[in-house]
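Participant: Residue numbers (the numbering used here), protein chains in the order written: chain A, 1 to 363; chain B, 1 to 363; chain C, 1 to 363; chain D, 1 to 363.
Since the hints were made in silico from the structure, they are not lab data. One or more hints might be untrue.
Each pair may be met inside one copy or between any two copies, as identical chains are not told apart.
Listed below are the simulated DSS-like cross-link pairs for lysine-lysine, each with C-alpha atoms no more than 25 Å apart in a straight line [what the hints assert, rightly or not]:
1. K92 - K214
2. K214 - K263
3. K238 - K178
This structure is a prediction, so every number in the text was calculated from the model and none was measured.
4 protein chains.
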Amino acid sequence: MQKIPVGILGATGMVGQQYIRLLANHPYFEVTHLAASPSSAGKTYRTALKNGWLVEGELPESVSELVVADVANVASAQGCVLVFSAFEMPEKEQIKSLENAYAAAGIAVFSNSSAHRSTPDVPMIVAEINPQHLDIIPSQQKRNGWDTGFVVVKPNCSLQSYLTPMYALMQAGYEIPKIMVTTMQAVSGAGYPGVPSLDMIDNVVPFIGGEEEKTEREPLKIFGEAKEGVFVPFAGLKISAHCNRVPVSDGHTACVSFAFGEKKANLDTIKKIWRDFRGVPQELDLPFAPMQPIIYHEEQNRPQPKHDRDADKAMAVSVGRLRPDSIFDFKFVALSHNTVRGAAGGGILNAELAYRKGLLTLT
Amino acid sequence: MQKIPVGILGATGMVGQQYIRLLANHPYFEVTHLAASPSSAGKTYRTALKNGWLVEGELPESVSELVVADVANVASAQGCVLVFSAFEMPEKEQIKSLENAYAAAGIAVFSNSSAHRSTPDVPMIVAEINPQHLDIIPSQQKRNGWDTGFVVVKPNCSLQSYLTPMYALMQAGYEIPKIMVTTMQAVSGAGYPGVPSLDMIDNVVPFIGGEEEKTEREPLKIFGEAKEGVFVPFAGLKISAHCNRVPVSDGHTACVSFAFGEKKANLDTIKKIWRDFRGVPQELDLPFAPMQPIIYHEEQNRPQPKHDRDADKAMAVSVGRLRPDSIFDFKFVALSHNTVRGAAGGGILNAELAYRKGLLTLT
Amino acid sequence: MQKIPVGILGATGMVGQQYIRLLANHPYFEVTHLAASPSSAGKTYRTALKNGWLVEGELPESVSELVVADVANVASAQGCVLVFSAFEMPEKEQIKSLENAYAAAGIAVFSNSSAHRSTPDVPMIVAEINPQHLDIIPSQQKRNGWDTGFVVVKPNCSLQSYLTPMYALMQAGYEIPKIMVTTMQAVSGAGYPGVPSLDMIDNVVPFIGGEEEKTEREPLKIFGEAKEGVFVPFAGLKISAHCNRVPVSDGHTACVSFAFGEKKANLDTIKKIWRDFRGVPQELDLPFAPMQPIIYHEEQNRPQPKHDRDADKAMAVSVGRLRPDSIFDFKFVALSHNTVRGAAGGGILNAELAYRKGLLTLT
Amino acid sequence: MQKIPVGILGATGMVGQQYIRLLANHPYFEVTHLAASPSSAGKTYRTALKNGWLVEGELPESVSELVVADVANVASAQGCVLVFSAFEMPEKEQIKSLENAYAAAGIAVFSNSSAHRSTPDVPMIVAEINPQHLDIIPSQQKRNGWDTGFVVVKPNCSLQSYLTPMYALMQAGYEIPKIMVTTMQAVSGAGYPGVPSLDMIDNVVPFIGGEEEKTEREPLKIFGEAKEGVFVPFAGLKISAHCNRVPVSDGHTACVSFAFGEKKANLDTIKKIWRDFRGVPQELDLPFAPMQPIIYHEEQNRPQPKHDRDADKAMAVSVGRLRPDSIFDFKFVALSHNTVRGAAGGGILNAELAYRKGLLTLT
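Make the full structure from the sequences, and use the hints.
Facilitator: Put into structure tokens, the structure is as follows:
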């Protein structure tokens, strides 16, 4: 089979590197194009990595000598069927325009940026939760006058740990009107150089700019429905979030309390629903789909970032400590790998889904 | 003035050492007696410190050559008007009996242990919140047939950060029926050797045995009222807690969401109430009383353990990030030093209060 | 092929767990017997793990239901051709006697303990350096009156990082009379619970009991020669060591300065010798042999524990920063994984070597 | 007494903040002028602190409303008798010119920068070691045509821990021709934001740009002698250094091996020399002089950053673990606070010395 040529926008950053690492030997996709800021343009990828190779393992030989393009030079991505977008610019509007330019050039854009997350007809996908949101793409293309190009986004990494467990219960017929969550987030979420070590040695920082707002708002779009070509946010849920930065390299942990609606599940039922939960990625047996999206731990002190972030290729969500809550109904702890499941791995899974839905084709 | 002679039970442990450090040059009290487990008994304090001096500064000369007694040898404490109890034993009943034996011997016991916290006529004191609970002591003495001895306890360190801010609002006339709290607790809370470093390098442990139960239950006694010689827990409040261990040496941080009753304060009112709050320790100008019990920070990323745990002799509570909560009414971050305010410093403040109330006298 | 049945002595500890993890699916060996302290004896392995599964991945199903034997019950190991010994006892003489008892029972003992390291006819093996030292075994067996049993040890983990690079130069014909080394050692070297987190948050401990002595003495035996049935330590080398504990989970780093004898290699020659170095494990293509035992990094800030400890199944030594030394001739940085290369993985490699040399056979 | 008005150049950085913190209530000096980069110029100091107050305690009220000047605007410092220079610029030549401009304007410059360290007639002072080097100032002023202004520098923070102990022995009549040192340096040495937390969680970085060269070269100037108006480096000492960054906030630790010349001291003599050592700052009883410049610890696991960095106002050097070295004569561990003794506190001590030598006078 001929692989789909893909590009990485923002290839030198931490998430860009994760994309490159994870896409080595991918069965559907092949990285053929790398783009970054003007300061990297024209250099080989190896020399453009001014902070070095920051992720696991060694820089794959297959990309080390690719010449990096300027991300603003959309024409240079010709030949790519899709790009994974993980670049940064001072203004969100700049990112949005550039992502639009790639789409206008016929390229599918799978973005990690928050720029397009509130665009009403851009689907924000968690592959196990709302794969059907990809159906909006023809309408998105029509509105923009795009041919084969389109834009898909993934949500913020802070909510990846607890949203699938919550959805599994909703899908099983239980309403969940209230979720209160406190996150303890890893420093890799801020990229490199990111969080100064002086802030993380013997310390916790109880603030991450913009994170609580995203965590409270984005799930409503994910749980929403498309109506007349735009997503209408779900109205039946309120989320309250505290987001903290802790001295952990990878893996966001969340302490979650939630209330059921009238119909309430008991403890064993909840665990069973979580363990049995499978989504479209599992049905389609997508390469990056974890076999079991939600892993429940019976040990009283799990999940922990160090032990559980890498579960099932770092794509599974680990949960534990389900117990009654004295104010809401239940509380539990959830954990997922923020730069894999919550960033590059999640983006790849979305692209795999789009590929199998026929949205990505070699011309 | 002649100082009150005091003993430290559990003198070699981490909290015992904090008592010794903090009592050096105390205006009311003088450490004259040290007791620990049989393995330390008979040694000088310096040689009994098998793990060394674990707290700030150097071991005070004044105690380094005191010979350590066996904590089970109550008679050896003769001459002490009060003891600070911070010893450990396998069974809580053992601790309780031994604390009772000291009280029976005419000695006031200020305990950090959880053994007596649920004894109905043992007051659990946060000096700024329920100093009037000390009034139960004559009744406690009568019931036990004790003369000058009695037992007073302090609550768990996990709740010291947020309970005073909550109380300040209650005192100002606002009901607070619901509090949801997630703590990020320092390793010193588990003593020495305590938490293994393999669990704290690049990790968070979302479980501390017994901690959530204490955090949810103890405030109800503190806010309760004495009726017919026993404390009746406050019925108007529900607390739900998640307790986590994080790689921080000292300083417990709490993310708190709370609901008001019918009467609701606005953001500026709450801040003003917190800043203006003063308790009996401040009125009496007790040596260990922080001048301002609640320090509000306007910076959006404070309080932080590293910057704020030592505020006002490590006795003040630091709060910040007060903002509306989408489910309850408000949320904020609170922090206090767990081995000072939450342990030895809090115990000393309680003893100062008892002293000024006339409960401790030289014979 | 029928696999060799092996036992793990000290199976519940950290190194014991690493053995179990690494031996899952081993081509020569199969774990059929687990032994630990009396408190674990009689329990299934899963329930005997009172501190849980501490190493990577999940507890292998194949061993989780094995019933753990008392390590003092040598007869229970009947059926094992070899045991990997990683148990602890208060006295070294106790460990020595027990290891002897296993050998006397016809079982080959590959030990991680330091108990037998100074026994004159017990070979201390680094498989790439002194594989020929295994030739002493018939003599060892004869002296002890053992039949098929024998004892082999591996050296301390602190020297695994720099000793192979030093040996590679010696093998290439360069004398190295002086090595000065400062180590920065990971906490996993002290097992679990091991180093308290209070000592490792915002701190370095410049002392590890007994470590400097081992680091200075053990290489002399490894570089020594067997004469009349005992190893005579190498006399042509002096080592001086400073050993420190740093807040790193796995991976010992060493800063090394060394002097050549009269014949001196230049910088490029040294790098070439290191990169080209191969030993007997590589010639025999042993399962646990790293393809390239010494990996040289040209980046100026490598090797680093986080990036390099897992190189080539965590069995390769990573080195870098080779540069002239103003007092000796050269200095460099070396790193190896202490619980894999420096403990369980090194032990397995030694057993593989013995197997291929015909010292281990199914009866 | 009227205090000497002083300015801080680079006031918003980490070292600048330490100067401000340490100079609050100084008996000789009063901070009256703050300067920083153009982006801070014109703002009050409080608002110019874009990263907040990074050092201990709270921002002193006395400076919080001072308006920050552009550091390039030398005229704005008029009225200052001296400035502490801790600003950064892309090119060392720029720093040098600007420091010269302040000196030309009649202001004494005490610099933390490395820009002027190799200028032959600029003294590099450790107040306990070479206070007599200040005698070169008239000659420096004459060469430059400066009136009351001059430039004094302090050495790199990496050598502050072990240089005074080495000097104490030299002063007592022992030659020390060889020192081999491996440092484990705190992240505060790189300022803020400085070292990324991704490099310091579960890691060590065995490289600090330029640090080893400074550590090997600067002591030779400090031990040198002024001849014909320039300092001739000391020729009787060779230093070899490995410099590492470790996950510690403050406090550089050094593992040191050294050789004596022909005359050798024994272990007890060395300890006595260290404990008895006093320098000119102690004789003059300077405000920032530690009472005992070298504190020797008998505990086998000291000094440690967490316990010892703050010894005697963070101005004392802590040493321990003196023991014979198998290659050189002795080895030991040394520690000092890098941003106090090794930066701002050391600079202040130098200025106090100059003041008492009559080099700083109110006009």
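Participant: Now look at each hint and say whether the structure bears it out.
Facilitator: For each hint, the structure was consulted:
{"no.": "1", "hint": "K92 - K214", "in the structure": "within (15 Å within a copy, 44 Å between copies)"}
{"no.": "2", "hint": "K214 - K263", "in the structure": "neither (28 Å within a copy, 30 Å between copies)"}
{"no.": "3", "hint": "K238 - K178", "in the structure": "both (5 Å within a copy, 17 Å between copies)"}
Violated hint: 2 only; the structure is consistent with all others.
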